[in-house]
Amino acid sequence: MVELIDEKGLRMDGRRVDETRPIKIEVGVLKNADGSSYIEFGKNKIIVAVYGPKEVHPKHLALPDRSILRCRYHMAPFSTDTRKHPQPSRREIEISKVISEALEPALILEEYPRTVINVYLEVLQADGGSRCAGITASAVALADAGISMRDMVVACAVGKISGKVVLDLDDTEDKEGEADMPVAIMPNLNQTTLLQLDGILTPEEFEKAFEMAVNACRHIYEVQRKALIDKYFGEDEVGEE
Amino acid sequence: MVELIDEKGLRMDGRRVDETRPIKIEVGVLKNADGSSYIEFGKNKIIVAVYGPKEVHPKHLALPDRSILRCRYHMAPFSTDTRKHPQPSRREIEISKVISEALEPALILEEYPRTVINVYLEVLQADGGSRCAGITASAVALADAGISMRDMVVACAVGKISGKVVLDLDDTEDKEGEADMPVAIMPNLNQTTLLQLDGILTPEEFEKAFEMAVNACRHIYEVQRKALIDKYFGEDEVGEE
Amino acid sequence: MVELIDEKGLRMDGRRVDETRPIKIEVGVLKNADGSSYIEFGKNKIIVAVYGPKEVHPKHLALPDRSILRCRYHMAPFSTDTRKHPQPSRREIEISKVISEALEPALILEEYPRTVINVYLEVLQADGGSRCAGITASAVALADAGISMRDMVVACAVGKISGKVVLDLDDTEDKEGEADMPVAIMPNLNQTTLLQLDGILTPEEFEKAFEMAVNACRHIYEVQRKALIDKYFGEDEVGEE
Amino acid sequence: MSAVKKAVVVERLRKAQIVEFLSKGKRLDGRGLLDFRPIKIETGIIEKANGSARVQIGNTQVIAGVKIEIGEPFPDTPEMGLLVVNVEVLPLSSAYAEPGPPDEEAIELARVVDRGIRESKMVDLSKLVLISGKKVHALFVDVDILDTDGNLFDAASYATVASIATSTMPKSSVGQDGQIKQEDESIPLQINCIPISITLAKIDSEFIVDPTSEEEAVMDARITFTFDDDGKIRAGQKGQPGTLDFNQVKLAVEIAKAKAKEIREIIKKSIKDAKG
Amino acid sequence: MSAVKKAVVVERLRKAQIVEFLSKGKRLDGRGLLDFRPIKIETGIIEKANGSARVQIGNTQVIAGVKIEIGEPFPDTPEMGLLVVNVEVLPLSSAYAEPGPPDEEAIELARVVDRGIRESKMVDLSKLVLISGKKVHALFVDVDILDTDGNLFDAASYATVASIATSTMPKSSVGQDGQIKQEDESIPLQINCIPISITLAKIDSEFIVDPTSEEEAVMDARITFTFDDDGKIRAGQKGQPGTLDFNQVKLAVEIAKAKAKEIREIIKKSIKDAKG
Amino acid sequence: MSAVKKAVVVERLRKAQIVEFLSKGKRLDGRGLLDFRPIKIETGIIEKANGSARVQIGNTQVIAGVKIEIGEPFPDTPEMGLLVVNVEVLPLSSAYAEPGPPDEEAIELARVVDRGIRESKMVDLSKLVLISGKKVHALFVDVDILDTDGNLFDAASYATVASIATSTMPKSSVGQDGQIKQEDESIPLQINCIPISITLAKIDSEFIVDPTSEEEAVMDARITFTFDDDGKIRAGQKGQPGTLDFNQVKLAVEIAKAKAKEIREIIKKSIKDAKG
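Respectively, the protein sequence lines represent chains C, B, L, G, A and Y. For what it's worth, this note's numbering labels the leading residue of the first sequence as 1, then goes sequentially. For what it's worth, this note's numbering labels the leading residue of the second sequence as 1, then goes sequentially. For what it's worth, this note's numbering labels the leading residue of the third sequence as 1, then goes sequentially. For what it's worth, this note's numbering labels the leading residue of the fourth sequence as 1, then goes sequentially. For what it's worth, this note's numbering labels the leading residue of the fifth sequence as 1, then goes sequentially. For what it's worth, this note's numbering labels the leading residue of the sixth sequence as 1, then goes sequentially.
Hints are computed from structural coordinates only; laboratory data are not their basis. Do not rely on the hints blindly, as some may be mistaken.
Interface residues of chain B toward chain A, partial, derived using beta-carbon atoms under 10 Å [said to hold, decoys possible]: (1) 19; (2) 26; (3) 189; (4) 194; (5) 195; (6) 197; (7) 198; (8) 201; (9) 203; (10) 228; (11) 229.
Note that CB positions come from ideal geometry on N, CA and C, so glycine has one too.
The shape of chain C in the complex, shown without the other chains (with noise of 0.2 Å):
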């Protein structure tokens, strides 16, 4: 078992438990979609595009009263220590499908009868986190294309490594860390939308993690609202390292 955490209670990478890695978002990177973001969180690297609400083909598939909503969360082969195979693994269509139900409560699908909206994820660097990291590019790239939201969903993991509750785990604690819990909330309406655990955590400790990745979240919150703002009120270099 490695040692994850020193004994001024800092992690590898010098972070306290409670504090996530550098997060830097941007609005606007791809020029066809009609929606996009692109988020640095810690090592991770993702790209997100939105494409819609637009016809659903075939036509029997479109439902009468709303939008339908599809993610794909695909990984670059280069994403990866090891070279990943183009082809969609169990893993990334089990994330897809959570991510998707992450995302629909803030989405008002009523408002696009007989569509689809699709959301691309593009993983072009793996580091833990990055479900939560799509899952935050990915109502950001939602926004950009104009869909009505309820609220923003913002993700962040949280776990237990040596011990000790920590948000916001990187590969070498995920891999080494004895629990993660990725969360995804709608910051306003205060309601989870994700939520998944591997691991083990006491009811106790579930109860104290849960509250710091709600915490976590508010305050990545403030990032997806100033890359927005940046992108559509203002110029000033979008980021927090």
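Given chain C, work out where chains B, L, G, A and Y should sit, using these hints.
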């Protein structure tokens, strides 16, 4: 070469040459299916569901004057000595086809134009003669689904081991024996609906074997009847050991 | 490096640098196809069938103003030195595409709106230059099918071996040589419809090679013509050795 | 379109009725909100498998079979045996299931069941190594969904747990020549704990356990927690495009923990009965 | 929908006419009920293959090619070489065939041809072992269906038999270093017998041999038997959703046995001609 | 239907306008016929890859990543390392791209990029052998198409070249025990030349370089040539169902050769900058 028949003329499991393994048939074992059945035939354990007649998708595949029968014979990964990959093998596809052709003559498909009838067989445990057991169970499930039938269909294999024509080969006999011939008949109309043969038989042995199979089918037909009668008219314990 | 040209300037099979391998073309070799042909070009043995123009399925793929041309270049598993898996490789898919694009300019597809024309090539034995032989045979099969054409299409490869520009590389020359360049032309309209190149050629060698290929195509065009004339107007032995 | 989503379209009108019942603390089939349907577990039903179990929860019926084979470890975990959990939603199981490769719902189901087993360390994979880096035992658990009436996550999980817990395998050793020898003697597969998953459905603002297909068709969100013998959480998964407020998340853990304790006794009894 | 089934829909109206002819002992093309169309067999047509044969029966045309490679035996048959028979119903072969993986009809066709060869023990697979459990000869027979006018089962079978019977392979030996050495000298593949398949079509109550596509489109049932040199049955397969009464089954064997004897002479001659 | 073909249908009416501009030596975006859009190349952007590059040509954006792994050589080239070039036209990249396995256009794109690298012998594969016939370095270059606005052939090719040229790999050696040892020290991948591809689009009778999506939608033919450091042609590919007359073929080579010289300087600079 293993010695498969002892000096008393008995087989390794104690059966005579013209004796089948124990058979047990249950009807209506699944709630969702329109008809269903479960068969134990030797170590074979097979469950069958019938769905239909129902609308065909896509519609242009529908036949204007009759229903389409589709059978799917599938082996559970744990049904065989070595784990079987869940994806259908070429063997399973061929068996699905011959089972469908063995059942179809008994069905009055003209009564259900523009529909499809699906028969799904899941082999939970496989022994010699699984396709015959599957046909026998499928006919019962079709009757349970209330599909109009001209006759039942009932099947039994016959073969040759240690130079003798014998009924109903089990796994070991099939593997070590000289021939295996699955036969299905319609017992009242006296028609053959399935016949396959692997191995070596003289034309005379073929004739003897075929007659032995037909007789066994008539016997198994009584088990089918009893299972159906017990479900619809009685309370008795079903089966025959 | 194998020595591919001897001191007399002759190649391993005795050909001069500007000489093609023996060619034989037959027309109408299949009964079901709307048009068909068979070519032997060196050790290449390729059979081509044309089906169409016929209705497109599904209908929404049809083009309102012209026919769709689809080509499928496929190698028989026994056609190569080591058995080839029956499933189309990426190489076969690319070759199918370039063959289609090499043939399309010669076809008056506007005459057959809302239809598809399928060209199926089966390589029974593969040698160097199989795509060129396939194009040459396909044009003959299209003519045999009565498809309206602006011109024939005829193809021949040219390349470089032992530092010299040579015509029509066979398997060994292709493997050991320095460059291979398949070319297809419309011989009366003087248009290039296919050009590919692997290897190393100076721009000057390229020009020389290209002219050599064009000249060879004109010669092969005569073999195409003779095969078609013999089928439709004559009884002579077809081919040229 | 997946089976569940089709059902949503068909049964949406039913929701009002179900919600009204729930608000009175009742369900359409008469159960209380936190009551399971009867659970029936049979083990050892497939003689050719190393372990097997049929689980019925109401009309939901699944079978799990374990095959223990000899394989090669993954290059990055040379000191670990293999565990593969696969779930097939068979076309037998409902009018909405289709033959073919698993869709995203079947993949999620399989992966959630897998994680419950894996994260609880029910089986110590490091004890399944025969020759380090070369030969290990590979545990394949295949779950056949036979009849679908809701709560597949728990049914598949219980069948998986019961089949693993009752598995036996031939005693095997590595000879001096590096060959693996399997003896006739059969030994039980060692297990460390019994992970129990509990899935809650949230309909409107109420949580229920063990939802039927009809209830799943109208549920807003689904959340599953898996607990080990000590009541610690080992895995969690929220599903469906509904949400939970922050208190509901905590409430869900509490409910699930209590129910897991209750269900654990049923599973333990069936395992104990099997072992005689 | 498969090619044959499409044809059924199209040509159903033709049936009455065909049946009327058959009842008078005649066929549309003038043949008697138990007459084959002309059979043409050429061998050695693909130089890169170890063996090859083109078979034409009337307008039906197929090519088989044999490749003999070195491979590994299946774990459960370490003392056996490999035999793989694969049939591709090419899109060239009819307006109904489509590109893509083999459908159930093509799979049945391949498996019936395979069984005829395998069960007759035409090739003694135990003689194809190079290093027990490690290296064996693998015999791949691939059949390309080029033009379809009925009776693919027999045409594919004859092409397979003729290509195997005329195959040669490089003499090979295992060196002291365990490496396999292939010599320049080529030796014929040893065969034990010549299996002959005969397929009968039942239309109404009549049996015919060598049906055309048109006849197959209206047939009720199809039955194939394969015989060895001694007239023993080695494989059988009834197909299509029609039936045979019990006497018809026995009659089918008799007819097939007699025809097999006749066809055997044609195949034997083509093999003998090839071997010079 | 493929993205490009769909575009053809939509934009056919645009052709007359584009042709009119071209006849005056102008393009819709103001460029001259033989002008590229601005090219931006960044390298080293993916730390986990051995080499990487993002190339933007106008609004077209692609990323290539190199992974260097240890693998086994092909049986017929025991003395050669492996080079695999794969291109994914991601659904992110345009409204016409769909998820799923690569279609024939993506396959052609990948194979043309691959041939440019392979035929130019940019990487000497014989220097990537670790243990003859057993262990070699395998070079995987994966190109992600992120945003499509024409000229993917050149953009993918430049990204591939820049990512290979800036790749590093751990120094590795074969120990006495035959095990491969990777040291911490990283060494640059040796390259022999910088192949430059130039793609011309022919619209009506005019050639242009670096076509946009809109121009590609109305082009008659496409031709790509790849040149090495000495200006020799290493690969060529004509595409699309239009034709070139014989003089146009020669003209295309001349234009491409001149443009390759110009672009080479841009690529070389980006590589030099990366190497510091």
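* **Hints violated by the structure (numbers, ascending)** => 1, 2, 10, 11
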